[in-house]
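Modelling step: build the complete structure from the supplied sequences, incorporating the hints.
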Amino acid sequence: MSLPGESDTGSGPVLEVEDLSVTFRGRGGLAARALDGVNLAIGAAEIVAVVGESGCGKTTLGRSILGLVRPTSGTIRFRGEPLSYAARALKRYRRDVQLVLQDPTGALNPRHSVYEAVAEGPRVHRLGDEPGRVARSLAQAGLRPPERFLLRYPHELSGGQRQRVVIAGALAVEPKVVVADEPVSSLDASVRGEILALLLRLREQLGLSLLVVTHDLGLAWNIADRIVVMYLGRVVEQGSTEQVLSHPQHPYTRALLSVVPEIEHIPSVVLSGEAPDPSRIPPGCRFHPRCPALADGTAAAAGIADDCRGRELGVLPATGDHLAACHLRPPPLHPPAALRESAG
Amino acid sequence: MAVLELRDVHLTYRTAQGPVPAVRGVDLSVDGGEVLGLAGESGCGKSSLVASVLRLQPRSATVTGQVLVGGENVQTMSWRRLRAVRWGEAAVVFQGALHSLNPIQRIGRQLVEPILLHDSAATPRTAADKVAGLLAQVGLPETHADSYPHQLSGGQKQRVMIALALTCDPQVLIADEPTTALDVMVQAQVLELLVGIARQRGMGVVIISHDLSVLATTCHRVAVMYAGRVVELGPAQELFEHARHPYVRALARAFPTIGEARSRYAPAGLPGDPPFPDRLPSGCPFHPRCADAVDECSSVDVRLRPAGPGRVAACVHVGAGVG
Ligand SMILES: Nc1ncnc2c1ncn2[C@@H]1O[C@H](COP(=O)(O)OP(=O)(O)OP(=O)(O)O)[C@@H](O)[C@H]1O
Ligand SMILES: Nc1ncnc2c1ncn2[C@@H]1O[C@H](COP(=O)(O)OP(=O)(O)OP(=O)(O)O)[C@@H](O)[C@H]1O
Ligand code: SF4
Ligand SMILES: [Mg+2]
Ligand SMILES: [Mg+2]
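Line order of the protein sequences matches chains A and B. Sequential numbering of the first sequence, starting at 1, is according to the numbering used here. Sequential numbering of the second sequence, starting at 1, is according to the numbering used here.
Hints are all accurate, no fakes.
Short, incomplete list of chain A residues facing chain B, as computed with Cβ under 10 Å:
hint: 1; residue: D181
hint: 2; residue: D188
hint: 3; residue: R192
hint: 4; residue: G193
hint: 5; residue: V259
hint: 6; residue: I263
hint: 7; residue: S268
In case anyone wonders, no lab produced these hints; they're calculated from the structure. For glycine and all other residues, C-beta sits at the position ideal for the given N, C-alpha and C.
Okay, here's the thing in structure tokens:
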């Protein structure tokens with residue numbers, strides 16, 4: 001379990017995301033800041049889980065890392081090299097870094113058989129022994145015996161079977177990094193366990209790194225070394241899985257954990273207030289309109305209520321330390337990009 | 001009163017390799033106001049069963065048995081009647097249907113349309129108000145009515161699908177994995193909404209989920225399927241805490257407990273592979289993977305038997321003093 005900056009080869013993190021912002025235009029002319037300054041690093045053979053409210057930017061982060069979304073600002077680096085958007089470089093890069101999409105039904109071409117779906121990657125990258133690779137990947141993903149699935153079309157598969165075809169497709173090119181967006185969300189406990197065990201094994205045997213977006217904190221507990229918590233386009237807390245799950249620092253993380261039935265010790269907190277909207281990011285701490293610590297007077301007692309409402313918080317750096325972006329816990333924060341620029 | 005009743009429902013797909021019996025005799029009923037959970041292994045026939053409720057099975061599938069919505073048999077009714085039932089009486093949130101929203105129409109428009117089409121008393125004004133209310137109830141900011149589907153996140157689309165199913169005030173709502181893309185907090189909000197509507201309006205709800213904690217906390221009763229049949233049915237909490245069928249026990253056990261050292265870096269599964277519907281093992285289809293199997297299990301086709309108050313389970317150990 002290497003922390004970023006101390007990967008197995010000693011050459012720094014495999015994948016780095018620095019100050020990443022993505023702004024979408026549209027939706028009634030309003031600009032939606034889906035990502036608003038995200039720092040993240042993944043070491044070799046490291047498994048990082050990204051959690052956070054629906055709409056907080058997790059898929060946008062994954063798609064940006066794969067070069068499918070051009071960042072408005074910020075940098076993505078693979079093995080120290082900034083991502084190049086030239087077609088050839090991207091093709092090469094996507095052999096090393098694979099994406100498992102959130103919606104398996106949308107990810108599969110309805111006119112492609114299972115064989116064609118899984119063979120696509122190996123064919124594009126000319127990896128040889130296509131039939132063998134396809135069969136192995138399917139079997140690994142729990143579709144056994146593979147012959148029974150090869151000629152089927154997506155509509156002839158159950159939801160969970162489709163999800164496993166997508167996973168098999170990503171693993172078939174033997175990537176170095178997999179960015180997986182809710183990869184086991186439609187699998188029952190028994191199949192889910194098998195896929196997660198497979199990911200752990202690939203990490204051990206091949207040094208696979210994994211960035212896994214999930215709402216399933218049990219999954220994080222099962223496989224992730226670190227957890228990154230996002231809220232409205234920013235990382236608001238990060239740390240080792242143990243630290244974040246047993247000593248959550250940020251009021252949002254605490255609220256999130258309080259409604260997980262598998263964690264019993266925290267009284268349940270229900271967040272009030274309007275659903276967060278990236279086209280209307282609140283000033284000060286972006287969580288303040290819904291923050292239980294501000295609502296119940298904890299912030300006022302600490303003398304920071306005005307800061308919560310009006311003073312911008314810095315962006316968390318991509319380190320392995322347990323950090324939270326909250327005025328209640330003063331961490332060693334970087335000033336946000338905007339402030340740095342205006343300061344020259 | 002039962003708003004949805006399934007009687008000995010079978011669904012078989014015809015394929016080039018021969019028939020695939022995906023659903024093999026399911027009996028279930030859902031009362032108005034009741035929330036029934038449906039769980040089971042990937043590929044055990046849950047979505048196939050759902051398709052039969054609104055006669056949405058593909059043409060390659062044959063359905064037998066009775067599917068009664070509000071007492072009427074869906075499988076034999078006229079197309080005209082079926083169309084009316086599909087919006088007004090029973091609605092389905094399909095698994096992985098996130099891409100089935102019209103990509104070139106704004107969300108608000110897509111939600112308003114069925115109301116105007118199926119409710120003769122509705123005006124554009126009342127329909128728009130209703131849609132605004134529904135979006136707020138599923139936790140979407142109002143600006144999202146103006147969005148196109150590609151501008152929404154996975155969980156936002158999933159909530160639009162739920163709102164869509166509720167537009168015409170159905171008597172029966174079936175939601176197939178409705179919360180896979182939702183974080184725990186939004187998930188709780190959406191499930192509360194469904195339970196609330198069920199209670200207030202006497203709507204019957206079926207929630208399919210692989211997440212047992214969701215079912216245990218949300219549903220009144222839960223049915224668990226294996227290989228095309230219900231293998232255990234009972235009150236939600238009891239069923240997971242004291243499962244009678246070995247498969248259900250294994251399923252409940254495989255669920256990770258956060259904070260427990262034993263499950264850290266140790267995801268639990270179930271040994272063996274799920275059976276293919278067209279090559280089921282003899283006897284109890286679970287016997288090759290079952291830790292409690294005895295000789296009898298490989299030969300006796302065990303059907304559901306009483307397993308305590310309001311409970312049934314299909315295992316030779318049930319009712320025999322064991323289990
Ligand atoms: N059109 C089809 N033709 C042939 N077989 C099919 C077809 N559709 C589904 N199947 C098979 O029928 C079985 C039941 O599928 P179904 O989609 O009902 O499962 P499910 O319980 O919903 O699973 P999941 O939890 O993975 O969604 C599976 O083995 C599937 O491969
Ligand atoms: N093309 C787009 N145009 C405008 N807004 C967009 C676009 N794509 C995404 N958004 C918005 O950006 C935000 C982040 O979306 P994203 O898909 O990254 O969320 P997510 O964290 O993956 O959510 P979920 O858990 O629901 O999948 C959302 O509020 C979404 O509405
Ligand atoms: S900074 Fe203030 S408003 Fe934000 S999370 Fe911390 S206490 Fe709550
Ligand atoms: Mg997403
Ligand atoms: Mg299904």
